[in-house]
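If you're matching them up, the sequences are chains A and B in order. Mapping to this note's numbering: the first sequence position 123 is 123, numbers consecutive. Mapping to this note's numbering: the second sequence position 335 is 335, numbers consecutive.
For the record, the hints were derived by calculation from the structure and aren't laboratory data. Misleading hints may appear alongside valid ones.
[Claimed, not checked] If you want the footprint, here are the derived chain B segments under chain A, 3+ residues with CB under 8 Å: (1) 103 to 111; (2) 152 to 160; (3) 177 to 191; (4) 195 to 206; (5) 212 to 222; (6) 402 to 411.
[As the list claims (entries may be wrong)] Below, in silico cross-link-like pairs of lysine to aspartate or glutamate (DMTMM-like), each with a Cα-Cα straight-line distance of 25 Å or less: (7) A:K313 <-> A:D292; (8) B:K356 <-> B:E304; (9) B:K323 <-> B:D267; (10) B:K216 <-> A:D292; (11) A:K361 <-> A:E350; (12) B:K156 <-> A:D101; (13) A:K216 <-> B:D292; (14) A:K156 <-> B:E283; (15) B:K216 <-> A:D281; (16) B:K356 <-> B:D229; (17) B:K360 <-> B:E386; (18) A:K259 <-> A:D301; (19) B:K123 <-> B:E314; (20) A:K156 <-> B:D281; (21) B:K440 <-> A:E175; (22) B:K313 <-> B:D267; (23) A:K356 <-> B:D103; (24) A:K440 <-> B:E446; (25) B:K356 <-> A:D103.
Every residue gets a Cβ at the ideal spot worked out from N, C-alpha and C, and that includes glycine.
Each chain, written out:
Protein chains: 2
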Amino acid sequence: MNLPAALLDTLSQQFPGDAMATGMAERLAYAYDNSRRNALPDAVVFPTTHEQTEALVQACRAHRVPVIGRGRGTNTTGATVPVDGGVVVSFERMNRILRIDPDNRLAVVEPGVLNGDLQQALKHHGFFWPPDPSSSPWCSIGGNLACNSAGPRTVKYGSPRENTLGLRAVAGTGEGFRCGTYTSKGATGYDLTRLLIGSEGTLALITEATLKLTPKPSALRTLRATYRDVSAAARAVARIMAQPVTPCALEFIDDVALKLARDYGGDGVPLAGAMLMIEVDGEPETLPSAVDAVSRAARGDGLEDLRVAETAKETEALWSARKALSPAQRTISPNKINEDVVVPVSHLPELVDGIKQLAKKHDVLIVSFGHAGNGNLHVNLLPRDEAERERSHACLAEIFALVISLEGTLSGEHGIGLVKKEFMPLALQASTLHLMRNVKAAFDPEGILNPGKLLP
Amino acid sequence: MNLPAALLDTLSQQFPGDAMATGMAERLAYAYDNSRRNALPDAVVFPTTHEQTEALVQACRAHRVPVIGRGRGTNTTGATVPVDGGVVVSFERMNRILRIDPDNRLAVVEPGVLNGDLQQALKHHGFFWPPDPSSSPWCSIGGNLACNSAGPRTVKYGSPRENTLGLRAVAGTGEGFRCGTYTSKGATGYDLTRLLIGSEGTLALITEATLKLTPKPSALRTLRATYRDVSAAARAVARIMAQPVTPCALEFIDDVALKLARDYGGDGVPLAGAMLMIEVDGEPETLPSAVDAVSRAARGDGLEDLRVAETAKETEALWSARKALSPAQRTISPNKINEDVVVPVSHLPELVDGIKQLAKKHDVLIVSFGHAGNGNLHVNLLPRDEAERERSHACLAEIFALVISLEGTLSGEHGIGLVKKEFMPLALQASTLHLMRNVKAAFDPEGILNPGKLLP
Chain A
1 MNLPAALLDT
11 LSQQFPGDAM
21 ATGMAERLAY
31 AYDNSRRNAL
41 PDAVVFPTTH
51 EQTEALVQAC
61 RAHRVPVIGR
71 GRGTNTTGAT
81 VPVDGGVVVS
91 FERMNRILRI
101 DPDNRLAVVE
111 PGVLNGDLQQ
121 ALKHHGFFWP
131 PDPSSSPWCS
141 IGGNLACNSA
151 GPRTVKYGSP
161 RENTLGLRAV
171 AGTGEGFRCG
181 TYTSKGATGY
191 DLTRLLIGSE
201 GTLALITEAT
211 LKLTPKPSAL
221 RTLRATYRDV
231 SAAARAVARI
241 MAQPVTPCAL
251 EFIDDVALKL
261 ARDYGGDGVP
271 LAGAMLMIEV
281 DGEPETLPSA
291 VDAVSRAARG
301 DGLEDLRVAE
311 TAKETEALWS
321 ARKALSPAQR
331 TISPNKINED
341 VVVPVSHLPE
351 LVDGIKQLAK
361 KHDVLIVSFG
371 HAGNGNLHVN
381 LLPRDEAERE
391 RSHACLAEIF
401 ALVISLEGTL
411 SGEHGIGLVK
421 KEFMPLALQA
431 STLHLMRNVK
441 AAFDPEGILN
451 PGKLLP
Chain B
1 MNLPAALLDT
11 LSQQFPGDAM
21 ATGMAERLAY
31 AYDNSRRNAL
41 PDAVVFPTTH
51 EQTEALVQAC
61 RAHRVPVIGR
71 GRGTNTTGAT
81 VPVDGGVVVS
91 FERMNRILRI
101 DPDNRLAVVE
111 PGVLNGDLQQ
121 ALKHHGFFWP
131 PDPSSSPWCS
141 IGGNLACNSA
151 GPRTVKYGSP
161 RENTLGLRAV
171 AGTGEGFRCG
181 TYTSKGATGY
191 DLTRLLIGSE
201 GTLALITEAT
211 LKLTPKPSAL
221 RTLRATYRDV
231 SAAARAVARI
241 MAQPVTPCAL
251 EFIDDVALKL
261 ARDYGGDGVP
271 LAGAMLMIEV
281 DGEPETLPSA
291 VDAVSRAARG
301 DGLEDLRVAE
311 TAKETEALWS
321 ARKALSPAQR
331 TISPNKINED
341 VVVPVSHLPE
351 LVDGIKQLAK
361 KHDVLIVSFG
371 HAGNGNLHVN
381 LLPRDEAERE
391 RSHACLAEIF
401 ALVISLEGTL
411 SGEHGIGLVK
421 KEFMPLALQA
431 STLHLMRNVK
441 AAFDPEGILN
451 PGKLLP
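Here chain A stands alone, though its shape is the one from the complex (with noise of 0.2 Å):
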């Protein structure tokens, strides 16, 4: 235990009983996320309201200890260990949907809300909030917005920073403060809302939420298209997104995660040189055109097989492949390496011939995929043994580099955490992080929050 007495003294009355935790049980049970970074906690509380944040982040600034906002740790940066120790806060208790007003298109959520649980619950009033990352069941909204994290739907709908009308949070100051509208347009000030999501909780803790709702669209369909190869699969989705109807998801996965997905998930899973996982959404009447127009621009030179979905139960089958993905993966290699680079859509051709080399030069297996609609690709690196491990961080090295060259840049929606923060300096202009580092003593110029992320 590294905290100071009088610290654990008033943490313990702000945090009675069981909403405060020291034992080394729950200091391990806190101490990694999907990252497979560790580092111990000092403690870790479980708030219930703003007010009690507040007075955390009070205290803990009166002793200079860092305090680490955390919603369920899905994610895969590291951004929410807490590497120089300190105290983590878990949003997991702050768990209620405080309020859905389908009439006003938004609803008001404390951080802790899971995303599936959020969305489960406005599907009663029709309406849906975009972002959807794959970890939707099980992580929050308050780690969504903290790290920006989007999904398949950003194609057509935004990330969670086009998605949120305003915030409350608790600045490393220890200053509560609201910021945003409850409605759906603002010209008041600046727009500390958006500075907040994707923060990665360097800035403030975020306790409150109000999300901007979209309605959802009553029909969905789902078509399947295979490549002879990875270059011909990549022209398709820059045709597809430079014509005016946007899919509601277009997923890109690459001759080496087809394979893999197939030794793990039987026949179902097409070989090829790549696929294509499109979505379109809308109304009964305006969906055959719009499918139409998306596969008039998937075909083209290279086109082996188009599917379109007319049953459940095919649209199931049709997903089958990228579901086996992520499980394969894992029989692979327990050290995935595990990118979302981002280039703008026309670049991707070349991104994905360009890995593909890399790997080649480098000697180093590399499944790519991803929501290539918003040309943001996961690039997983695979390492079997430990020179290919060392071979693999020369290789992302040089992917980083090649994104950067493509007008692209190092996170679409991951973010930089731990993982990357060394490589910040490659994507942005050295007066661009000062500027960064001078909005962070902004909110919090003692540094206690979540110090040692984001920033190099």
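Put chain B on the given structure of chain A with help from the hints.
The following block gives chain B in isolation, referenced to the frame of chain A:
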């Protein structure tokens, strides 16, 4: 002339010939904006490059001289009036469209490009940039970004904050920097892009913007609905926004405004208790069902007449009332007080009723119209003499208090500038304002960028 001689020397070298103006005629021409406020700058400069803008801010910072960015001065809040003198930076000569990239759905522009010119250039590519202030033919993109200026289409397509991917800018520190991405998605550090949008030139001067483009729907249908009274119309707005088909414009015009427009514009303008102008866009196959859905929602208690334009000529006729409104107001009062409050859509009926009562109580002529789909009302007070002018100011304070009590905020799209900054503590907590001041200091430690604006 109040500029230090040394600074004037430096500026003369940086801005040779007609790139700088210090004569009284030019200073007068850049002393005002559409707020009718007025203050003389000491000099006006016309940069043509980012580098020149950087050098300018560095020079002014060294002498602690104010720097006021300016697009075309169409804003109504005094945001570009140089209240403390200093150097006005007019971006009118940085007016090149640098890149139109339909494959990536983006355009890169200099800040002086006119909104209307950009829309024209995008037409050939089948795209548009959603923000469409009514000053669109003569306002600049830089000004749109600085003020988060929106317009009718925002109800469906969002404001500049939802339609900008990245910026290049010069902070008050004199540092040039890039923020944001060329990609449609990104989670690489703090969102400085949105922070600058709507900051009214108080954090940085924007020298380049990467704008997100939207495919232009190929068809548009205009509807006009008249109602017995403002409450009935406001309730119809709430109904329209609670169903899934979002119109691309949903404009409200109250009885006083209609009468004014008819006096000025003739019999084509209907007499009614209130009117909605509705536009629905889409593809030819989808439009009829969308128009049906919106029409159903527009019907209800208090509807008097619902017309759907079938031809371009009919569309024009339906819009005549809205078009006659601005010139009509000018015939009444040269001292129009032009507000743009915003409330959650479901509170619109209470807002329009409340405004009616306040107009009566203070004996002030008030005309209300605006972007009702966002709950954004332009509340125009039209004092006809000095006594009414004084009563108007008392009335205005009560309007703001009403808006806040209805969970609304001070500005939907005009911003704060000079004229609303004293009301900011009504809308924002002291802690939020304190953090905004910290953010200001992070970008502009000497407070040279547009002093006296936005923050009280």
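Hint check:
Residues of the stretch 103 to 111 of chain B with a Cβ under 8 Å from some Cβ of chain A number 4, which satisfies the need for three, so the listed coverage holds. Coverage of the stretch 152 to 160 of chain B by chain A holds in this model, with 4 residues showing a Cβ closer than 8 Å to a Cβ of that chain against a need of three. Check on the stretch 177 to 191 of chain B: 14 of its residues sit with their Cβ under 8 Å from a Cβ of chain A, so the three-residue criterion for coverage holds. Interface restraint, the stretch 195 to 206 of chain B with chain A: holds (5 residues with C-beta to C-beta distance below 8 Å; minimum three).
With a cut-off of 8 Å between beta carbons, the stretch 212 to 222 of chain B has 4 residues touching chain A; three or more are needed, and the interface restraint holds. For the stretch 402 to 411 of chain B, the proposed coverage by chain A is satisfied: 5 residues have a C-beta within less than 8 Å of a C-beta in that chain, meeting the threshold of three. For the proposed pair A:K313 and A:D292, the alpha carbon gap of about 21 Å is at most 25 Å, so the pair holds. About 21 Å separates the Cα atoms of B:K356 and B:E304, which keeps this hinted pair within 25 Å; it holds.
Distance restraint check for B:K323 and B:D267: the Cα-Cα separation of roughly 14 Å lies within the 25 Å cut-off, and the hinted pair is therefore satisfied. Restraint check: the Cα-Cα separation between B:K216 and A:D292 comes to about 18 Å, which is no more than 25 Å; the hinted pair holds. In summary, the hint linking A:K361 to A:E350 is supported, as the alpha carbons are separated by about 16 Å, within the 25 Å threshold. With a CA separation close to 18 Å, the supplied pair B:K156 and A:D101 stays within the 25 Å bound.
Among the hinted pairs, A:K216 with B:D292 is consistent with the structure: their alpha-carbon atoms are about 18 Å apart, no more than 25 Å. Taken as a hint, the A:K156 and B:E283 pair is honoured in the structure, with Cα atoms around 17 Å apart against an allowance of 25 Å. Restraint check: the Cα-Cα separation between B:K216 and A:D281 comes to about 18 Å, which is no more than 25 Å; the hinted pair holds. Annotation: proposed proximity of B:K356 to B:D229 holds, straight-line Cα distance about 11 Å (limit 25 Å).
Restraint check for B:K360 and B:E386: satisfied, since their Cα atoms lie roughly 18 Å apart, inside the 25 Å limit. Restraint check: the Cα-Cα separation between A:K259 and A:D301 comes to about 22 Å, which is no more than 25 Å; the hinted pair holds. Restraint check for B:K123 and B:E314: the C-alpha separation of about 23 Å stays at or below 25 Å, so the hint holds. For the hint pairing A:K156 with B:D281, the CA-to-CA distance comes to about 17 Å; that is within 25 Å, so the pair holds.
Note on B:K440 and A:E175: the hinted pairing holds, with a Cα-Cα distance of about 17 Å set against a maximum of 25 Å. Between the alpha carbons of B:K313 and B:D267 the distance comes to roughly 16 Å, so the proposed pair stays at or under 25 Å and holds. Pair hint A:K356 plus B:D103 holds up; C-alpha atoms about 23 Å apart against a cutoff of 25 Å. Of the pairs offered as hints, the one joining A:K440 and B:E446 holds, with about 18 Å between alpha carbons and a cut-off of 25 Å not exceeded.
Annotation: proposed proximity of B:K356 to A:D103 holds, straight-line Cα distance about 23 Å (limit 25 Å).
In this structure, every one of the numbered hints holds.
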